[in-house]
Amino acid sequence: MNLYVLLKMVPDTVEELNVATDGKSLDSEFLRFKLDDPDEHALEQALLLKEKHGGKVTVVALDAPEVDEVLFTALAKGADRAVKILVNQSGLGTVAAARVLADYFASASDKITSDTLVLPGSQAIDDLEGELAPSLAAALNLPFVGVVSGVTLAKEQAVVTKEFAGGLRGEFEVALPAVLGIQSAEKPPRYVPVAKVRAVMKSAKIETVDHTPPDRLIRLELDRMYKPEAAGRAQMLEGAPEGIADKLVEVLANNSVI
Amino acid sequence: MIAPFEPAVVDKATTLETLLETPAGKRMMTCIQCGTCAGTCPYGEHMDFSPRLVINMLRGGFIDEVIKSDSLLRCVSCYACMAKCPRGIRLTDVLLPMVKEQVLVTQSAMPAEFQKSLENMHRYGNPMGESPRKRAAWTATAGTKIPLIAEVNREVDVLWFVDSYMSFYARGQDNGRATARLFNALGVDFAILGNEEKSAGECGQVTWESGLFESLAEYNVKLFNKYKFQRLVTGDAHAYNAFHFRYPMYGLTQPAEHTAQFFARHLDQLKPRLTRPLNLTVTYHDACCLGRAVGSYDEPRALLQAIPGVKLVEMVHNRVNSLCCGGGGGGMWLDTYYKQKGMERLSERRVKEAIATGADVLAVSCPYEISRFEDALKVIPHDKPIVVRDVAELLADSLAS
Chain C
26 MNLYVLLKMV PDTVEELNVA TDGKSLDSEF LRFKLDDPDE HALEQALLLK
76 EKHGGKVTVV ALDAPEVDEV LFTALAKGAD RAVKILVNQS GLGTVAAARV
126 LADYFASASD KITSDTLVLP GSQAIDDLEG ELAPSLAAAL NLPFVGVVSG
176 VTLAKEQAVV TKEFAGGLRG EFEVALPAVL GIQSAEKPPR YVPVAKVRAV
226 MKSAKIETVD HTPPDRLIRL ELDRMYKPEA AGRAQMLEGA PEGIADKLVE
276 VLANNSVI
Chain D
48 MIAPFEPAVV DKATTLETLL ETPAGKRMMT CIQCGTCAGT CPYGEHMDFS
98 PRLVINMLRG GFIDEVIKSD SLLRCVSCYA CMAKCPRGIR LTDVLLPMVK
148 EQVLVTQSAM PAEFQKSLEN MHRYGNPMGE SPRKRAAWTA TAGTKIPLIA
198 EVNREVDVLW FVDSYMSFYA RGQDNGRATA RLFNALGVDF AILGNEEKSA
248 GECGQVTWES GLFESLAEYN VKLFNKYKFQ RLVTGDAHAY NAFHFRYPMY
298 GLTQPAEHTA QFFARHLDQL KPRLTRPLNL TVTYHDACCL GRAVGSYDEP
348 RALLQAIPGV KLVEMVHNRV NSLCCGGGGG GMWLDTYYKQ KGMERLSERR
398 VKEAIATGAD VLAVSCPYEI SRFEDALKVI PHDKPIVVRD VAELLADSLA
448 S
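In order, the protein sequences belong to chains C and D. Residues 26 to 283 in our numbering are what the first sequence lists, from first letter to last. Residues 48 to 448 in our numbering are what the second sequence lists, from first letter to last.
Don't take every hint at face value.
Examples of chain D residues lying across from chain C (beta carbon under 7 Å, computed) [what the hints assert, rightly or not]:
1) 149
2) 157
3) 424
Negatives, chain D to chain C, calculated, CB over 10 Å [unchecked claim]:
4) 82
5) 152
6) 177
7) 228
8) 262
9) 366
10) 407
Quick list of in silico lysine-lysine cross-link-like pairs, BS3-like style, CA-CA up to 25 Å [to be verified]:
11) 269(D) <-> 227(C)
12) 221(C) <-> 59(D)
13) 212(C) <-> 388(D)
14) 115(D) <-> 386(D)
15) 221(C) <-> 163(D)
16) 59(C) <-> 181(D)
17) 212(C) <-> 163(D)
18) 181(D) <-> 273(D)
19) 180(C) <-> 81(C)
20) 81(C) <-> 230(C)
21) 386(D) <-> 212(C)
22) 221(C) <-> 273(D)
23) 181(D) <-> 252(C)
24) 75(C) <-> 115(D)
25) 212(C) <-> 75(C)
26) 115(D) <-> 77(C)
27) 252(C) <-> 59(C)
28) 221(C) <-> 115(D)
29) 386(D) <-> 59(C)
30) 115(D) <-> 212(C)
31) 227(C) <-> 386(D)
Treat the hints as calculated values from the structure; they're not laboratory data. We treat Cβ as the ideally placed atom computed from N, Cα and C, and that holds for glycine.
Just chain D, with the same shape it has in the complex:
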């Protein structure tokens, strides 16, 4: 588990020039160049500048060379380097995003898919470029009432931040519908922001675009301040990451939880309602933003094991060693670029491990993974059928109808 982000470590005004004077930067000076980061990086062999080298170039005053290269386009912000660093150096959330930000400023051309997604996020508040006015349209298909916070006109316990993939992506909406059913089954007092919500912007911050992240964070925090709620809950692991680490710097005062953490906290109330046996063998993929980033390895597993008839099996890489799906750090929109560079899609590497467990279901807790793993399963041969489901979808399946 990674240490919490203390404001004293580095603040939002820190730049590459001032980094080495901050506590986080001073820690970088203690790097022993052991190379564990480079070895654990899922794309380390494709980088001209591995995390280890990035630290050394920064200390030596040669960081400009790293910025000129496109090496860090291959970083998927999976927290693997940071989780393994014996010196506790903040790579994934401090050093690497700062370097990436400068890469974006310096490089005149970005891969088209990636550029379009950033532009869409800026203009429409979602990476798909969908109309913001249709953001809450999916709720009509939920089969259960989903209150809008602007309409309930009082304080709610849970402000549910749905975010873009669950709002617009058809398979993401399955997770949204399942979450709504679970909230209602538990009698949770919740509401959503509806069309007012914009992407949390995690892939701004842990990626490239501090300006984009800031404009989205400022917008969303202003929106949060308009309403009264006790806690922020989201099923999007990347949004959770943003709320947990970064939004407090922009004025978020309420605690943030991922749905897996929220439901695990209510497991005693939830368990008696999980009455439909599913009779499935399930393997769980740790989302980087939920696993390595905050150490929530047990909550999703506890939820799965609470479902009658679920047998949980583990992949070769699990928990802190989990293998990223390749969607973080902007990787979600860099598949074509990776392919052009002859790099294997990490999602394909991962589903091979899932297939090897013999499981019926690959369970996930991050909305990126649904499309990434379903796509990977289309090209990786396997005899026994295996499907990708969010933990929330499986829980909702087990509710008595």
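Bound conformation, chain C alone:
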């Protein structure tokens, strides 16, 4: 199997996010980046498939802050190659990123083969529509299934599980090669000891690929970015605990909650 996992860095929401002075972007002063959660599952799914069927796992990422550590961590977990495309991910937009990745797969060294599976995460916190995977599949003219939560391989095809609302599950047969947007791997992403990552950092190399960024940005125009605004409908109850309890019961009764 020729497994490609696409890794994307997203803002770490553990840090408090602030809107920059332009009112349209995140303040980058204290912004930190982490690997997108579904991408971490995509890597786990690829590693599970490699363990079962053999083959090679290549992780591919666009350039972004802290991406090197993420690529080394993927190598420490068992990926065979790590590739960094030297195009700044920031401000690129999902569709343009898909174009860059499609160009990458058109290159001689990483051509799509008959046993290729491309596994991006099915969405990211800054791509909730999950446009990356279908855009890439369209550009590569490959079949696509998104929100995948399980992959098994049979002759020249993959059988994928997809979750629907209401707890329903669907099974799809997809001809290879294909692009699968991974929502969750069959097992939680594995732990890799820090010692292993540090050893890999010393011994392994990240391959880099030069690429000219697209001259035209393809993305939605963002008018305004803002924090949720307080609606001001909260009602503070004051007084002794017994009095507050009585008032609370009254409020709940008046609003037909009880």
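Based on these hints, arrange chain D on the given structure of chain C.
Using the frame of chain C, we list chain D on its own:
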């Protein structure tokens, strides 16, 4: 008390393969297989490979079988086996962590809670996964000035290493506030690292993750070298353990003290300031990293007895026989796993002993114990109220306001 960690005994490059050639390993060859370690281990009955068996498997060349098993997930690094070993074999701080490290490398799945905590410690420098930029936020509630070492711009006597539980955990912050008041009452020249500080990483080393420990230790030592201070003082018994035993291997040159040791050393100055009588019966729980690890049994007790109106009573297991709260060795993040395996929480076993003393207060000196014992008290029935307080909190309560 356990013998100091001499660099000649084992160094940081020692692995399971080379262990038996080191002085510490040669001592393991003298094990008489008496089984005292297995008998004294609080979870010994739940282990496929007790400490005694681990030694024997290592000597026989079968250590791989131990590594394949999840037996050592049940080790809470409480130093009980090591403290009782008639041969002085370094189990808790040498053999068991080396085996655990290999368990972590070999097992593909770790209990989720535990994995998350290790990942958080690596990324954010604290096991809770809180923003490192909020690490010093608690100081705004201290009610007293807490200087940042980066701002004082000169040598200080005490660099106070606050660590994660006192920085981020609400009940841990009570200990931080109390310690700040005590430092100020004594006129101590101190400062903290603030947001720059990262977890000392004890639960890296005495646990599983040598790489995680090393990256945290290297980071913190580099930070220490940036500033000038006479001594390192911490209220976190696990951080103290790391500073005392391991950090010297990574370049820490200043002496490290636990706050209980520091305040006990200043008891003559502190005692006249302890004027508010508390009128409480108190029982003291020996933290593993302070008690068995370095033999500081008397300092916390001396502090408690210096408080007017405190009557000190002992639990059945005390001092070298103290029962671990179950939080060490990664146990802090393995409660769900232990529950799944049908194992009693050690903190519950311990609070039963505390309740039996009839004390009003269960006093502790390790920040893990606050949450562990308070949680245990929620499920263990008791008629007379009993609360958990750090020794520092009780001392601060007794200061004239």
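Tested hints:
Against a cut-off of 7 Å between C-beta atoms, the interface hint on residue 149(D) is violated, since the closest Cβ of chain C lies about 10 Å away. Residue-level restraint check for residue 157(D) holds (minimum Cβ-Cβ distance to chain C is 5 Å; threshold 7 Å). Taking 7 Å as the C-beta contact cut-off toward chain C, the hint placing residue 424(D) at the interface is violated, the least distance being around 24 Å. Against the 10 Å criterion, residue 82(D) stays outside the reach of chain C, whose nearest CB is about 31 Å from its own CB.
The beta carbon of residue 152(D) is not kept farther than 10 Å from every beta carbon of chain C, the shortest such distance being approximately 6 Å. With a closest Cβ-Cβ approach of about 7 Å to chain C, residue 177(D) is found to fall inside the 10 Å limit, against its non-interface label. With 10 Å as the threshold on Cβ separation, the claim that residue 228(D) sits away from chain C holds: the shortest Cβ distance comes to roughly 29 Å. Not every Cβ of chain C is farther than 10 Å from the Cβ of residue 262(D); the closest lies at roughly 6 Å, contradicting the non-interface assignment.
For residue 366(D), the condition that its CB be more than 10 Å from all CB atoms of chain C holds, with the nearest at approximately 36 Å. Its beta-carbon lying about 25 Å from the closest one in chain C, residue 407(D) satisfies the requirement of being farther than 10 Å from that chain. For the hint pairing residue 269(D) with residue 227(C), the CA-to-CA distance comes to about 20 Å; that is within 25 Å, so the pair holds. Proximity of residue 221(C) to residue 59(D) is assessed by CA-CA distance (about 16 Å); at most 25 Å being required, the pair is judged to hold.
A threshold of 25 Å between alpha carbons decides the hint, and for residue 212(C) with residue 388(D) the separation of about 20 Å falls inside it, so the pair holds. Distance hint between residue 115(D) and residue 386(D) is fulfilled; the C-alpha atoms sit about 21 Å from each other, no more than 25 Å. Between residue 221(C) and residue 163(D), the direct Cα distance comes to roughly 17 Å. Compliance with the 25 Å bound is thereby established for this hinted pair. About 18 Å separates the Cα atoms of residue 59(C) and residue 181(D), which keeps this hinted pair within 25 Å; it holds.
For the hint linking residue 212(C) to residue 163(D), the alpha-carbon distance of about 15 Å falls within 25 Å, and the restraint holds. With a CA separation close to 21 Å, the supplied pair residue 181(D) and residue 273(D) stays within the 25 Å bound. Taking the CA atoms of residue 180(C) and residue 81(C), the gap is near 17 Å; set against the 25 Å cutoff, the hint holds. Our distance criterion of 25 Å between C-alpha atoms is met by residue 81(C) and residue 230(C), whose separation comes to about 16 Å.
Between the alpha carbons of residue 386(D) and residue 212(C) the distance comes to roughly 21 Å, so the proposed pair stays at or under 25 Å and holds. Between residue 221(C) and residue 273(D) the CA atoms are separated by roughly 28 Å; this puts the pair beyond 25 Å, and the hint is violated. Of the supplied pair hints, the one linking residue 181(D) and residue 252(C) holds, its CA atoms being roughly 20 Å apart against a limit of 25 Å. Among the hinted pairs, residue 75(C) with residue 115(D) is consistent with the structure: their alpha-carbon atoms are about 22 Å apart, no more than 25 Å.
With a C-alpha separation of about 14 Å, the suggested pair residue 212(C) and residue 75(C) falls inside the 25 Å cut-off, and the hint holds. A C-alpha spacing of about 20 Å is found between residue 115(D) and residue 77(C), which places the hinted pair at or below 25 Å, so the restraint holds. The suggested pairing of residue 252(C) with residue 59(C) holds, with an alpha-carbon distance near 21 Å, which does not exceed 25 Å. About 18 Å separates the Cα atoms of residue 221(C) and residue 115(D), which keeps this hinted pair within 25 Å; it holds.
Under the criterion of a C-alpha separation no larger than 25 Å, the hint pairing residue 386(D) with residue 59(C) is inconsistent with the structure, at around 32 Å. Between residue 115(D) and residue 212(C) the CA atoms are separated by roughly 19 Å; this keeps the pair inside 25 Å, and the hint holds. Under the criterion of a C-alpha separation no larger than 25 Å, the hint pairing residue 227(C) with residue 386(D) is inconsistent with the structure, at around 40 Å.
Hints 1, 3, 5, 6, 8, 22, 29 and 31 from the list above are not met by this structure, while the remaining hints are.
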